[in-house]
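**Q** Start from chain A and add chain B according to the hints.
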Amino acid sequence: MMNVPQNWRLNQQRYRLVGEICEHCGKRIFPPRDVCPECEAPAKTPLQFSGRGEVYSYSTVYNSPRGFEEFAPYTVALVRLEEGPMVAAQLTDVDADQVRIGMPVEMVTRRVQSNGEEGAIVYGYKFRPVVRPAAP
Amino acid sequence: MRDVAIIGVGQTKVGEHWDVGLRHLALEALQAAMADAHVTRADALYVGNMLSGELTGQEHLGALVADFAGLRGIEAVKIEAACSSGAAALRMGYIAVAGGMADIIFVVGVEKMTDTLGPDATTALAMAADADYEAAQGISFVALNALLMQRYMYEYGYRRQDFAPFAINAHRNASHNPYAMFDFSVTTERFAQAPMICDPVSLLDSSPICDGAAAVVLAPADVACTLSSTPVRIAASAIGTDALALHDRRDPLVLDGARLSTQRAYEQAHVTPQDIDLFELHDAFSIMAALSLEAAGFAERGEGVRLALEGEIALDGRVPIATMGGLKARGHPVGATGIYQIVEVVQQLRGLAGENQVVNAYRGMAQNIGGSGATVVTHILERME
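Going down the list, the sequences are from chains A and B. Residues 1 to 136, numbered by the working numbering, are exactly what the first sequence covers, in order. Residues 137 to 521, numbered by the working numbering, are exactly what the second sequence covers, in order.
Only chain A is shown next, with the shape it has when bound in the complex (with noise of 0.2 Å):
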């Protein structure tokens, strides 16, 4: 259950796609940690990641944790991003037999989680396919 704090304090991170990269060695680093996962060194420089990638696996959630009722059945999915890292996240805007490993899927913001009557509506990524540019 998300409160608020928690949620503002990652507002950078649910709808920019915030991280960072390593000056050091050109790590991209998402979630930000400020120090390397690769060469350990200081990464505290931002940098926001494009929203692209792919499908790395996916599955469909019909047991859902509380605060989730209202998506069940919901696919959730390790998205490999362009830039490198890996992001967990829900899929949305496609059909659970539609989704295929290495699917190209991007970021867009939708509401994640919602706390009944009273709590905080989250809003954060999700991924949907590609949608492609009409053709001429």
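Do not rely on the hints blindly, as some may be mistaken.
Claimed, not checked - Quick list of in silico lysine to aspartate or glutamate cross-link-like pairs, EDC-like style, CA-CA up to 20 Å:
#1 A/Lys27 - B/Asp387
#2 A/Lys44 - B/Asp268
#3 A/Lys27 - A/Glu54
#4 A/Lys27 - A/Glu40
#5 A/Lys44 - A/Glu23
Keep in mind that the hints were calculated from the coordinates and are not lab data.
**A** Chain B alone, transformed into the frame defined by chain A:
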């Protein structure tokens, strides 16, 4: 550093104990272990538990269990490391005795999961994962394992039913263990028809939500023989860690924490995988069993499932696993599991495993995994001649 031995073990039946609370579960296991070891006092008590606060509104288990076990005043704390809390508590007890800070130590692992509804347990278990970047996306604990299994099948070309031998083996062994939760057998057909929880993970790939407690008594090895007729030496005790979140791992299909943990354990015990007579691994999901076999050096990458398909995980196979039912069929009361594994290895080394006895079992390994692989606790136990 001193050698450490286990001089007593105890366990409750794993199941849905509507009529027994958390403290009495712990007490029952602890008293059984104390009776087995013929001791009534210890220098300290370590309680392994993950979810007591979240699921029963009770924290502060060290003092609570000590008090109700008639040990009021003793040094006592709770140890938490997600699903590896039990073995982590044993590791703390081991350090205390090995380092000479204590002589007799009680360790009890306990979990009470059935006081709340299923969705509450699902939500609580997700706390083993990354709250900001996994649980916050609605990714349940089962889903993390499903993501691993899906990718594993994709990379190595397995079908879902290839995982059936893990459940079949676990349930066959559990049917002869009076402390196990399940006593029904699983067939290939039954496995194929099991309801899907989180595609491709079905009900029969998954360990159950349940209650249970298990306990051990530790003593310095040099006095263990005077205290017990069947002491078991702890030849290795090791913890390895990895990134908490699956997406932060070097390669999600390689359990680096397990690799490090077993490597350290093998070095301490001066053994290789070939020297292990049985392996109580962390089969919370069948994919975890496969990945553990690979990380511990019993199978090459991608070959863990093949090992099971070839029958090598059976009691008479190359590496018997889940010999008393494993997490799958004995049950997985999370914070207690690591101690159940130890109790079962001790039963095997004492030659008291009944129908499930591994012939000439001299050395057994137990591995308890926290989360999707972030904390991995490995112990190697040896019979003392």
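**Q** Hint by hint, note whether the structure agrees.
**A** Each hint, compared with the structure:
{"no.": "1", "hint": "A/Lys27 - B/Asp387", "in the structure": "16 Å, holds"}
{"no.": "2", "hint": "A/Lys44 - B/Asp268", "in the structure": "19 Å, holds"}
{"no.": "3", "hint": "A/Lys27 - A/Glu54", "in the structure": "19 Å, holds"}
{"no.": "4", "hint": "A/Lys27 - A/Glu40", "in the structure": "11 Å, holds"}
{"no.": "5", "hint": "A/Lys44 - A/Glu23", "in the structure": "8 Å, holds"}
Comparing the model with each numbered hint stated earlier shows that all of them hold.
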